[in-house]
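Chains as they are written, first to last, in my numbering: chain A, 784 to 975; chain B, 4 to 277.
Since the hints were made in silico from the structure, they are not lab data. All residues carry an ideal CB built from backbone N, CA and C; glycine is no exception. Accuracy of the hints is not assured; some may be wrong.
[To be verified] Across the chosen pairs, the derived CB separations fall in these ranges:
1. Pro811/A to Trp147/B: 22 to 32 angstroms
2. Lys876/A to Tyr66/B: 38 to 48 angstroms
3. Arg851/A to Asn271/B: 49 to 59 angstroms
4. Ser843/A to Ser52/B: 38 to 48 angstroms
5. Trp147/B to Arg851/A: 30 to 40 angstroms
[Stated by the list, open to error] Pairs of lysine-lysine, DSS-like flavour, derived with a Cα cap of 30 angstroms:
6. Lys814/A to Lys73/B
7. Lys28/B to Lys92/B
8. Lys73/B to Lys92/B
9. Lys137/B to Lys948/A
10. Lys28/B to Lys935/A
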Amino acid sequence: MKNTFILFLGLFLASSLTVFAQSDDISPARKQAIDSLALEKVKDLSKYIAIIGSKETQFSEANRVMDRAEELFAPDAEMGVSSINTSEIAYYKVRRYFERLMALNYDRVNITWYDIQYISDLERQPDGRYVGVITIYQRFEGTSIETGMNYKDTTKKDITIYVEKKQTQIAGRTIEFWDVMLGDVRVTETSA
Amino acid sequence: MAIFLFAISTFVSAQGLGSASGTIKDDGRLAASTKQLNQFFRRFNAEESVDGNTRYNPGDDLYRNPDLRKGFFEVIFDKETSGIPDNLKNQFIDDVLSDTYPQYIRFHQEGWFSEVQADFFFKGKRERASIIFKLQPQGLGYEWIIDAVSFPPFKNLFNKPEGDDKDFLHPLSHELGFMNLRRAFEDSDLPESFTRSSFEPDFLTLFLYEMKQNNIRFATVTDVKFHFFQVEGWYFEVSQFNRPGFNTGWLISSLVKLKPGDKESIQNYIYDQK
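Bound conformation, chain A alone:
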């Protein structure tokens, strides 16, 4: 909880002034500021995924990065994964997904990201929080030296973002700010 608060505070201090909340409505300018903040979190996630998946990452370091990555997500967030061959969705808790990624049986793993993303509008849900989706594309390449097997895939990741107005005290003053948390992620293998 303490870590989470520090993270919020860090984000608050790092983010643009336009993110300051004046009302419950989100103007186009504020939406842009929130998009940037959300994209930063998605960038962090993609960076963490690449580190966790890399075979050069030590076990203890991977665990530390998994902790950081998990903190980006709202509690109970899940990854729903499907492949081209089956429409069935496999559900994983975020931590389990990372652990599976770390345990993949390849000697070399290379995870890269396409230079494209798409950010949806923000829609308000019944509890007043806003929800949006950021779409990114990941390229995975795994090589097994012993078998010479080389596996490649491209996945589309649709990442839920929750946007919520929060308050914090700074020098005795109550300051409102918009915070972003990641939620469920739909991972679809694509033909790209």
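With chain A held as given, fit chain B onto it using these hints.
Below, chain B alone, put in the same frame as chain A:
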């Protein structure tokens, strides 16, 4: 078409995700793809830039710009499998882009809904349900709600006979204190015979009841599509196409010019409640 696709692929986003292992340059295919239904709405209405990175809002120069819309209409139809005739498509585009009465689709308005195919285990057997979802205002925002469900095991559960085959409670049953209910409820396999003429079973209630009894267990979602009746005189379906090439993502997969009565027929067909 080629020109618009070229424009999309040229304006590919410059802000990569910048992971530890670097980024890959999209050759334009991902940029061309209609990546979210949200993007389908924005492209249909011309409410974003060609590359999708800038949202156009009321007051912006290019907001709902007719030429931009025309370009987007080149990329929001499935051109590979749906077989929508060109003349029908052009008629639709002319109607939607009309100078005098341009039409738009709206996220928060009635006239569109989602059809989700999902697998469930019912009494040990895997069965596929078709669930209709609609958006409704709720609390401070909106939510998707289940409007109806079609579930094959329920299909022939209620089969009310007609005419001479239909059993009935005679009109003086009340004088006998409805003692003949025993025959109706114990001897008959078709107790629905004794319901009002307009009786229609509520499959959603039945579905939820079975779920609450732990007889139905969710397995997975297998398919999602969207049905639109928001453009006057037209129906279209939007499906997701995951395949190689430039014509991918959420695209119009079916298009029908509506004649009187068609809307109800199509809706009944989609809802599949009989």
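Check each numbered hint against the structure and report the violated ones by number, ascending.
7
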